[in-house]
Amino acid sequence: MIQPQRLAAVLGCLVAFDQLTKAWAVSSLSDGHVVHLFWTLQFNLGYNSGIAFSQGKSMGPVVGVLACVAVVFLIRSALASRTKLSAYGLLFIASGALGNVVDRIFRHGGFMRGSVVDFIDFQWFPIFNVADSCITLGAIALLLGLFFESRNQEEVVQHES
Numbered sequence: 001m002i003q004p005q006r007l008a009a010v011l012g013c014l015v016a017f018d019q020l021t022k023a024w025a026v027s028s029l030s031d032g033h034v035v036h037l038f039w040t041l042q043f044n045l046g047y048n049s050g051i052a053f054s055q056g057k058s059m060g061p062v063v064g065v066l067a068c069v070a071v072v073f074l075i076r077s078a079l080a081s082r083t084k085l086s087a088y089g090l091l092f093i094a095s096g097a098l099g100n101v102v103d104r105i106f107r108h109g110g111f112m113r114g115s116v117v118d119f120i121d122f123q124w125f126p127i128f129n130v131a132d133s134c135i136t137l138g139a140i141a142l143l144l145g146l147f148f149e150s151r152n153q154e155e156v157v158q159h160e161s
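Residues in the sequence shown are numbered from 1 upward in steps of one, following UniProt numbering.
The set of hints was computed from the structure by calculation and includes no laboratory data. Be a bit skeptical, because a hint or two may be false.
Cβ pair distances, simulated, as ranges [to be verified]:
#, residue 1, residue 2, range
1, L137, Q3, 19 to 27 Å
2, A9, M59, 30 to 38 Å
3, G12, G32, 27 to 35 Å
4, P4, C68, 15 to 23 Å
5, V72, L146, 15 to 23 Å
6, V26, F148, 34 to 42 Å
7, F147, G109, 22 to 30 Å
8, R113, Q5, 32 to 40 Å
9, H36, S150, 41 to 49 Å
10, V69, M1, 21 to 29 Å
11, A70, T40, 26 to 34 Å
12, S150, F17, 26 to 34 Å
Even glycine gets a Cβ: it sits at the ideal position worked out from N, Cα and C.
Please model the complete structure; the sequences and the hints are all you need to start from.
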């Protein structure tokens, strides 16, 4: 079980890191400047008014409201989780959703009509941001946590038989 103070600290740090990187991207890449890093990885500013991979551009406000509800559910689930891996997985997903909701609320366009800032570009994959990475890493951690939890339960059942 994860402590509420630790949950708040990790959530705050992840959302802050996401917002700081997006602020850097907006200030450094707005003029069309692209930062080439290595291979096909580059930083290239983009905005997403829709959902994942720029789909559903008119769905921004609906996605924002659903994400707010999901964040509350994910945080409550993280607090109740039996394993640390599952708890942190849920927490990373919540922080990613919250980071993107902050964009929808406070970026130009009005309340829940703002676009999400994306800037990590592999050129062969849709452009994304730190919040999206948190969601992906959280989903992987959650799946691993659930897998190990179910394996442990199977071992307990076999041992009791």
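Cross-check of the supplied hints:
no.: 1; hint: L137 / Q3: 19 to 27 Å; result: holds (21 Å)
no.: 2; hint: A9 / M59: 30 to 38 Å; result: holds (32 Å)
no.: 3; hint: G12 / G32: 27 to 35 Å; result: holds (33 Å)
no.: 4; hint: P4 / C68: 15 to 23 Å; result: holds (19 Å)
no.: 5; hint: V72 / L146: 15 to 23 Å; result: holds (21 Å)
no.: 6; hint: V26 / F148: 34 to 42 Å; result: holds (40 Å)
no.: 7; hint: F147 / G109: 22 to 30 Å; result: violated (40 Å)
no.: 8; hint: R113 / Q5: 32 to 40 Å; result: holds (34 Å)
no.: 9; hint: H36 / S150: 41 to 49 Å; result: holds (44 Å)
no.: 10; hint: V69 / M1: 21 to 29 Å; result: holds (23 Å)
no.: 11; hint: A70 / T40: 26 to 34 Å; result: holds (32 Å)
no.: 12; hint: S150 / F17: 26 to 34 Å; result: holds (32 Å)
Of the numbered hints listed earlier, the single one contradicted by the structure is hint 7.
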